[in-house]
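Q: Read off the chains here:
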Amino acid sequence: EADIYQTPRYLVIGTGKKITLECSQTMGHDKMYWYQQDPGMELHLIHYSYGVNSTEKGDLSSESTVSRIRTEHFPLTLESARPSHTSQYLCASSDGGAGIRQYFGPGTRLTVT
Amino acid sequence: KQEVTQIPAALSVPEGENLVLNCSFTDSAIYNLQWFRQDPGKGLTSLLLIQSSQREQTSGRLNASLDKSSGRSTLYIAASQPGDSATYLCAVPDTGKLIFGQGTTLQVKP
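Sequence order for the protein chains is A and B.
All letters in the first sequence, in the order written, are residues 1 to 113 by this note's numbering.
All letters in the second sequence, in the order written, are residues 1 to 110 by this note's numbering.
Rather than coming from a laboratory, the hints here were simulated on the basis of the structure.
Owing to the predicted nature of the structure, the values given are computational and were not obtained by experimental measurement.
Treat the hints with caution; some may be incorrect.
[Unchecked claim] 27 angstroms max Cα-Cα, derived DSS-like pairs, lysine-lysine:
(1) A:18 <-> A:57
(2) A:57 <-> A:31
(3) A:31 <-> B:109
(4) B:1 <-> A:57
(5) A:31 <-> B:97
(6) A:57 <-> B:97
(7) A:18 <-> A:31
(8) B:97 <-> B:68
(9) A:57 <-> B:42
(10) B:68 <-> B:1
(11) B:97 <-> B:42
(12) A:18 <-> B:1
(13) B:42 <-> A:17
(14) A:57 <-> A:17
(15) A:57 <-> B:109
(16) B:42 <-> B:109
(17) B:109 <-> B:1
(18) A:31 <-> B:42
[Stated by the list, open to error] Some chain B residues well away from chain A (every beta-carbon gap over 12 angstroms; in silico):
(19) 14
(20) 18
(21) 41
(22) 67
(23) 71
(24) 84
[Stated by the list, open to error] Each pair of labels, with its calculated beta carbon distance range:
(25) A:57 <-> B:7: 28 to 34 angstroms
(26) B:27 <-> A:40: 46 to 52 angstroms
(27) A:77 <-> B:55: 41 to 47 angstroms
Glycine residues also receive a C-beta, built at the ideal position from the N, C-alpha and C atoms.
Kindly generate the complete structure, drawing on both the sequences and the hints.
A: Here's what the structure looks like:
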């Protein structure tokens, strides 16, 4: 079974604060992804990485940034949180290859007041 | 560009019914298709992955079929239970990413 972790699970924070959402996986996967999902709405890919020091923006424009310094770690940062950032953020990793099988973390529900 | 569509968007059935969820994709040149389950406010759980060379995959009461030529997949749930209530998403890989459908939200009433 997949081992991918996200912390915190829930976060309520005030406008203007800097936040980092953590994502880590113990499977040695090269590919990692961040999705944003509003309640009851579709998943939107906001960032992805194919390996260490490789990051790309996804299909949905996001004010967040990511880094990939270690294979197992893919944190997402918001420099100045705003109420419009309120959403659920899901991290995933995959075992690569042409036929991707993605494994998802439990998600972080972010509320910016 | 690959597009994935799921019908219906929502479905409500009484407990015990057999049901079918549909997924269609525009580009039939896929490597595989994956079905996920998502409970409210939670992450996605992978249910089944069908390789392009396969016609179907089964896991317990779930059976997923794949018809690449017609660009369709179905998820069959037998003898539905209230615990099956969730959103079900299908996804196909495309240029290194997964393309998701909008999901079907299932409610199974006791």
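Q: Look at each hint and say if it fits the structure.
A: So, going through the hints one by one against the coordinates:
Distance check on the hinted pair: residue 18 (chain A) and residue 57 (chain A) sit about 20 angstroms apart at the alpha-carbon level, within 27 angstroms; holds. Simply put, residue 57 (chain A) and residue 31 (chain A) have alpha-carbon atoms about 14 angstroms apart, close enough for the 27 angstroms limit, and the pair holds. For the given pair, residue 31 (chain A) sits about 39 angstroms from residue 109 (chain B) by alpha-carbon distance, which is inconsistent with the 27 angstroms threshold. Of the pairs offered as hints, the one joining residue 1 (chain B) and residue 57 (chain A) holds, with about 18 angstroms between alpha carbons and a cut-off of 27 angstroms not exceeded.
Restraint check for residue 31 (chain A) and residue 97 (chain B): the C-alpha separation of about 10 angstroms stays at or below 27 angstroms, so the hint holds. A hinted pair counts as satisfied when its Cα atoms are at most 27 angstroms apart, and residue 57 (chain A) with residue 97 (chain B) qualifies at roughly 12 angstroms. About 26 angstroms separates the Cα atoms of residue 18 (chain A) and residue 31 (chain A), which keeps this hinted pair within 27 angstroms; it holds. Distance hint between residue 97 (chain B) and residue 68 (chain B) is fulfilled; the C-alpha atoms sit about 19 angstroms from each other, no more than 27 angstroms.
Restraint check: the Cα-Cα separation between residue 57 (chain A) and residue 42 (chain B) comes to about 23 angstroms, which is no more than 27 angstroms; the hinted pair holds. Restraint check for residue 68 (chain B) and residue 1 (chain B): satisfied, since their Cα atoms lie roughly 16 angstroms apart, inside the 27 angstroms limit. In summary, the hint linking residue 97 (chain B) to residue 42 (chain B) is supported, as the alpha carbons are separated by about 21 angstroms, within the 27 angstroms threshold. Taking the CA atoms of residue 18 (chain A) and residue 1 (chain B), the gap is near 36 angstroms; set against the 27 angstroms cutoff, the hint is violated.
A threshold of 27 angstroms between alpha carbons decides the hint, and for residue 42 (chain B) with residue 17 (chain A) the separation of about 25 angstroms falls inside it, so the pair holds. In summary, the hint linking residue 57 (chain A) to residue 17 (chain A) is supported, as the alpha carbons are separated by about 22 angstroms, within the 27 angstroms threshold. Proximity of residue 57 (chain A) to residue 109 (chain B) is assessed by CA-CA distance (about 41 angstroms); at most 27 angstroms being required, the pair is judged violated. Annotation: proposed proximity of residue 42 (chain B) to residue 109 (chain B) holds, straight-line Cα distance about 21 angstroms (limit 27 angstroms).
A C-alpha spacing of about 38 angstroms is found between residue 109 (chain B) and residue 1 (chain B), which places the hinted pair above 27 angstroms, so the restraint is violated. About 21 angstroms separates the Cα atoms of residue 31 (chain A) and residue 42 (chain B), which keeps this hinted pair within 27 angstroms; it holds. Against the 12 angstroms criterion, residue 14 (chain B) stays outside the reach of chain A, whose nearest CB is about 23 angstroms from its own CB. The claim that residue 18 (chain B) is not at the interface with chain A holds, since no C-beta of that chain comes within 12 angstroms of its own (minimum 26 angstroms).
A cut-off of 12 angstroms between C-beta atoms contradicts the statement that residue 41 (chain B) is not in contact with chain A; the least separation is 6 angstroms. Non-interface call for residue 67 (chain B) relative to chain A: holds, since the shortest CB-CB distance, roughly 17 angstroms, exceeds 12 angstroms. No beta-carbon of chain A comes within 12 angstroms of the beta-carbon of residue 71 (chain B); the shortest separation is about 17 angstroms. The claim that residue 84 (chain B) is not at the interface with chain A holds, since no C-beta of that chain comes within 12 angstroms of its own (minimum 18 angstroms).
Between residue 57 (chain A) and residue 7 (chain B) the CB atoms are about 30 angstroms apart, so this pair conforms to the stated range of 28 to 34 angstroms. Between residue 27 (chain B) and residue 40 (chain A) the Cβ separation comes to about 27 angstroms, which falls outside the hinted range of 46 to 52 angstroms. For residue 77 (chain A) paired with residue 55 (chain B), a C-beta distance near 44 angstroms keeps the hint of 41 to 47 angstroms intact.
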